[in-house]
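Asks: Spelled out, the chains give:
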Amino acid sequence: MDQFEPKIVAFVCNWCTYAGADLTGTSRLKYAHNVRIIRFPCTGRIDFLLLQQAFAKGADGIIVSGCHPNDCHYTSGNFHARRRWMVFRQMLENMGVEAERIVFSWVSAAEGAKWADLVNETVESIKKLGPYHKYQDMAKSLEEWEVTHE
Amino acid sequence: MARIGVFVCHCGENISATVDCDRVAENASGLPGVVHSVDYKYMCSDPGQTLIKEAIKEHKLTGVVVAACSPRMHEPTFRKACAEAGLNPFLCEMANVREHCSWVHEKTESTTQKAKDVVRLLVEKVKRNEALQPIKVPVTKKAVVIGGGVAGIQASLDIANGGHQVLLVEREPSIGGHMSQLSETFPTLDCSQCILTPRMVEVAQHPNITLWSYSEVIGLDGFIGNFTVKIRKKAKSIDEHLCTGCGLCTQKCPVRKIPSEFEQGLGTRPAIYTPFPQAVPNKPVIDKLNCTYYLKGRCKLCERVCPTQAIRFDQPDEIVEVQAGAIVLATGYDIKRTDFFPEYGYGKYKDVIDGLQFERLASASGPTGGMIRRPSDGQIPKNIVFVACAGSRDPAKGIEYCSKICCMYTAKHAMLYKHKVHDGTPYVFYMDIRAAGKDYDEFTRRAIEVDRTKYIRGRVSRIYEKEGKLVVVGADTLLGGQKVEIEADMVVLATASVANPGSEELAQIVHVSYDRYKFFAEAHPKLKPVETNTAGIFLAGACQAPKDIPESVSAASGAAAKVLGLFANDELTREPLVAVVNRMAPPLFSTCIGCFLCQPVCPYNAIEREEFKTRDGKLLKAVARINPGLCQGCGTCVALCRSKSIDLYGYSNKQIYTEVSALLDEALV
Amino acid sequence: MSHHEPLIRDSLSGKVLMNTEVKAERCYQCGKCSAGCPVVDQMDIPPSQLLRLLQTEIPSNDEKILRSHTIWLCLNCEMCIGRCPMEVDIPPMMDFLRSESIRRKMVNPKAGNIIAFHRSFLESIRYTGRLFELGLVLSYKSKTFHLFQDAGLAPEMIAKGKLGFIPERIKKVADMKRIFSRTLKKGVQS
Amino acid sequence: MKIGFYPGCSVDGGSREYKESCRALAKAYGIELESVPDWNCCGASAAHNLNRELALALPARILSLAEKAGMTDLLVPCAACYNRLMLTQHELMKDETLRKNISEVTGLEFKGTCSILNVVHWIQKWILPELPEKIKKPFDYKVACYYGCLLVRPHKVLKFDRPEDPQSLDEVMKLIGATPVDWAFKTECCGAGLSVSKTDVVADLSGKIVRDAVYRQADALIVACPMCHSNLDMRRREINGYLKQNVSLPVIYVTQAIGLALGIDRKELGLHRHFVPVNLPEKAEATK
Ligand SMILES: Cc1cc2nc3c(=O)[nH]c(=O)nc-3n(C[C@H](O)[C@H](O)[C@H](O)COP(=O)(O)OP(=O)(O)OC[C@H]3O[C@@H](n4cnc5c(N)ncnc54)[C@H](O)[C@@H]3O)c2cc1C
Ligand SMILES: Cc1cc2nc3c(=O)[nH]c(=O)nc-3n(C[C@H](O)[C@H](O)[C@H](O)COP(=O)(O)OP(=O)(O)OC[C@H]3O[C@@H](n4cnc5c(N)ncnc54)[C@H](O)[C@@H]3O)c2cc1C
Ligand code: SF4
Ligand code: SF4
Ligand code: SF4
Ligand code: SF4
Ligand code: SF4
Ligand code: SF4
Ligand code: SF4
Ligand code: SF4
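Residue numbers (this note's numbering), protein chains in the order written: chain U, 1 to 150; chain R, 1001 to 1669; chain S, 2001 to 2190; chain X, 3001 to 3288.
For reference, chain U alone in the conformation it holds in the complex (with noise of 0.2 Å):
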């Protein structure tokens, strides 16, 4: 079998990850192509159940990244995207979801460096859990949720 090559998904807010991923790249430093990046405008915005989704349609893993816990750019979006975190990680776990598939982290826009290693972590830390398969049961569930929303 080809070397895993986990996909993972990451969650970011505008003002700071994103821009920290930015400074990444300025900065010319190198880390794993695994990991796709959706911006928010913070992720206070971000639902839950579209990381349910994202492994529902085949995610391995996750990343949910923003600003430090005092410097939200909406100064609390991130408190509030941590609350539900841990709700939502008690559900993760009761459907038998691994929680290490989902990362929650804080990267600012200074800190590049950190978002290389992030990415590198999480990619090695997925490739030691293996491939994600059970989300056709999750499947079931998110498309009577979709129903109502499109």
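In case anyone wonders, no lab produced these hints; they're calculated from the structure.
Computed from a predicted structure; not experimentally measured.
We put the CB at the ideal spot given by N, CA and C, even for glycine.
Keep in mind that the hints are not guaranteed to be accurate.
[What the hints assert, rightly or not] The calculated lysine-lysine pairs, modelled on DSSO-like cross-linking and capped at a C-alpha distance of 30 Å, are: (1) R/LYS1233 with R/LYS1296; (2) X/LYS3068 with X/LYS3156; (3) X/LYS3137 with X/LYS3125; (4) R/LYS1348 with X/LYS3174; (5) X/LYS3142 with R/LYS1466; (6) R/LYS1483 with S/LYS2172; (7) R/LYS1518 with S/LYS2023; (8) X/LYS3267 with S/LYS2160; (9) R/LYS1348 with R/LYS1300.
[Stated by the list, open to error] Covered by chain S, per the in silico footprint, the following chain R stretches (three or more residues, Cβ under 8 Å): (10) 1390-1401; (11) 1453-1466; (12) 1470-1477; (13) 1482-1493.
[What the hints assert, rightly or not] Stretch by stretch, here's where chain U covers chain R in the computed footprint (C-beta under 8 Å, at least three residues): (14) 1629-1638; (15) 1655-1664.
Start from chain U and add chains R, S and X with the ligands according to the hints.
Replies: For chains R, S and X with the ligands alone, kept in the frame of chain U given last:
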């Protein structure tokens, strides 16, 4: 049917060195909905932009994806180009294939694949973008300044001199705030009244300023540019138009023993009074809680002596609504008093006083005519002890912060004392001398070297009275913690500066946040120090944190500059990336179930309640409504709403779910 | 936290933290404790300075603390903690330092009287369950070889019916034996 | 009415007048003070000076015995014992492992169900309600109420009164007709812990207390702790030496003062046991 154009940039070699750009373009052309796809060396150059503009016209594009650098770099450029070609700018998206791809990966197949993926993702997103119009809101060019201390005065004057109307609302009968109580001010020792009074008079006479003293803000509605401020004008019991400020009434009023707030309880005032001689406005008010007529129904002496028949006992409070485009909060601070210091006998021993009381004693217009006399028996103290950090930097007492101004005013007090009592000895118990400011350390050094104040590094443990003296028990930590006992004639506690007692209530009325010490919170500690989280509401002076006069005034001018910047526009234009709660035809009105769980999570208080009623006023449904003037588009409410009734323009559910699907539906690597 | 641990564990301040939850670093050296301490004049190291020594985490300073007279003079009057702005709980820390000083055999020579008194006191409890005051006086006297300062008080106390001759014993003296033998480690005998 | 009673060694021994006056008061109210069966010494300062576990185990045994005897209210008149029992209960209640270990040492279960009352608590709860009708002879003196260290500190645990300038004893005194003076040494330490081993320190600390009370023209010092009492009363010779003057200010237990107001016999209150004779000024004697 979507007609999307994809434009892949080489950025010279920056992208093309690791990403196979023409294959990315080619791949894109096969995506559903893409009708045009090209690559080019420099997209942001003039020819590059022309390429896009012409393609929009030629292919009747309904959406554009530029695969190039970070949108943080050139999104405005390309959106502008689209707009010039007649395409709504919000139908243009950028795929970041430089910072997030070519620069961070080696030249491999995976890198080109990543670029293809990102382009696909944005093509799917842009298909679901909506043409948005920037939000325009009109601006009422009138400011309400709340609080008339030095900060409120400065802000009012700056805005008024900028040519705009100001309404200054002051709670007390006069403006002036704490600065009007001060004797002389550090670091220059100029007389506080001398520099403040002209400003107060200027406020009173400025054609652009309306001053409502003895008034309070009791409600606030609306949003930036369009506030409605509800104000209670407390009854002063005089007709201000008739009163000439002659002062006969205050001289004749038989109730004379009311502790004067202005004199910090060291002097008295009558029931009809102006707080101090230079008060602005210089017209008295009747203190209803102490006036014999209000209490017992007789007296009316003031009415009899008033030459202009200005007294109005039956005057009611008045509630007025005012339109304003901006608000400046300048409600200042207070200092800690009373039972806070049982170990120092504060409130128990008359000669243990606080800093503001000392200011009154040292003030030429104060109760002792500027002689330092102790309150108990009027003696001139020969030994005086100043206790710094009294209650500040004291987690056990619940105040962890440094009050910032007390090191300086304590040094000032020691100096003023020494200047007036040449044979006396001032002692200062301190922990650190915090004198970081222009000419500040020089000032405290002068207190030590020239005026020979004895600074003792250590906190006072307790103060007790013994045979007419106050025994101050402290330690000298620079001598290893050796005990020091000073028999003082008077003790001055530099008590902590705290938020104004009414600040929490006011913050709730005007919807601004406050910190755990109840000081108003700035929007960003470094880069937005005079803004609040509520657009259009600004902070000036010590209501934000303990501040001295220079800082209060700088902040006030900063706030005024923000207001003037706002008033420079007739309309406000905002990016339309805001949240909306859906609406539909009755009987549903909205899928919103009216739980209002979204309300408290919004950092900008943008979520309001909208009620649908029948013609006879019966409530049919209450649903959330988002005020686009206030919403900043963080999306927190969107993620929170269980019934998925809120969506965010630019980052709608449809858009981001599609992004996720588009990304993962095909194999990545 | 993790990479600081070895440092913390080795020093006396680390031991204080582990045993009493008192964090010496909290102390910002204001001196309020020393200012209010009733016995500071007798102490060789005022309480605030003792905390400063702890903060240094230098072995010679740790030893200075354990050999100090201060830890034996502290009355546990709680004045310091009552007023400390940083809520540094000195009295339990003093308790710990005393037992540590005994354990490491670093007891200040001047503390002999004080320890002797405490030991006589505990001895009385150990054998009877209660304090036998006359016994305490006699035992303390024999321990210190001092002519008991309070000898003069005894006759008057007897006259006022304040000093009993027969030690009161609790019924289950065995309980005392059990408690003492299970709690007292080496170094604290009676 | 029966309530639990832990006299402690001093109150049972050298300071027996305190116990006598407590019992006399209780008798006047028909309250029976039931001693904790087979109680032991709380270990006082000696135990916690030398060993923490011992300092917890000794009070824990007492509390366990009281619990076993079904006592819910436990009067502990000695402020030092009260302090030790409260601290022990506090420590054991917040740490389950410690509680288990100590139970193992004492061989007795500990539940922490006893409500520990100091003498002022007891007076407030049981004596004050009927006090006004019972007063025969108002205690019309100027008094300096001395709280000492152990009744009010550490405040976080004891949560009794204010740690600085407490008022509860003063309030009780006012109710029996006394005039409390406002003075500066209410909570300064008298040096109890070093009473025997460092008498010079005690004379100095207690001396300052007595001097201020005299300066405020108090007729008596009111105390609620046998340690304070013995320092201020029995050590008067040393104190006088320190003050270089003979001070005859009597030191009276709060329970004795109330007893006097209720008209209880001086002997029953143990007033004859004091070193400094309790000769209150004539004026008040005349009012009886
Ligand atoms: C003892 C002492 C000495 C000092 N000496 C100096 C010195 O020498 N030099 C120096 O630079 N600084 C000094 N300061 C600091 C100085 O007082 C402050 O920097 C300054 O007063 C802050 O001005 P302000 O306008 O922000 O607040 P304030 O002076 O407190 O004014 C606030 C105003 O708002 C009004 N207000 C409050 N709430 C409401 C409401 N809800 N509605 C309407 N109005 C309201 C108040 O009545 C008041 O008029 C000293 C401070 C103290 C305590
Ligand atoms: C070691 C250090 C650490 C610091 N850390 C912090 C911190 O953590 N937090 C914090 O709040 N502050 C910090 N500061 C302070 C902070 O650097 C300053 O407050 C801030 O940079 C001041 O900004 P400025 O724009 O006034 O001045 P500057 O940053 O000095 O900018 C002045 C600009 O003017 C240009 N210039 C100068 N002369 C001319 C001329 N004649 N013509 C044209 N251009 C000219 C200069 O080239 C420069 O670009 C730190 C400072 C130092 C030294
Ligand atoms: S658009 Fe961006 S990527 Fe393209 S040439 Fe310009 S800077 Fe480079
Ligand atoms: S009516 Fe009131 S304010 Fe007027 S003189 Fe009498 S007391 Fe003073
Ligand atoms: S007497 Fe009349 S005119 Fe004069 S100050 Fe008083 S109210 Fe005004
Ligand atoms: S300014 Fe000085 S006196 Fe005031 S709290 Fe800070 S350090 Fe203490
Ligand atoms: S929008 Fe959603 S969260 Fe807000 S009130 Fe309506 S249903 Fe509740
Ligand atoms: S998007 Fe953010 S700012 Fe806008 S209403 Fe929702 S929570 Fe408030
Ligand atoms: S009072 Fe507290 S903070 Fe101050 S020196 Fe003593 S222990 Fe340290
Ligand atoms: S507890 Fe000890 S150190 Fe603290 S004040 Fe009392 S005697 Fe001094």
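Asks: Hint by hint, which ones does the structure fall short of?
Replies: Violated hints (numbers, rising): 6, 9; every other hint is consistent with the structure.
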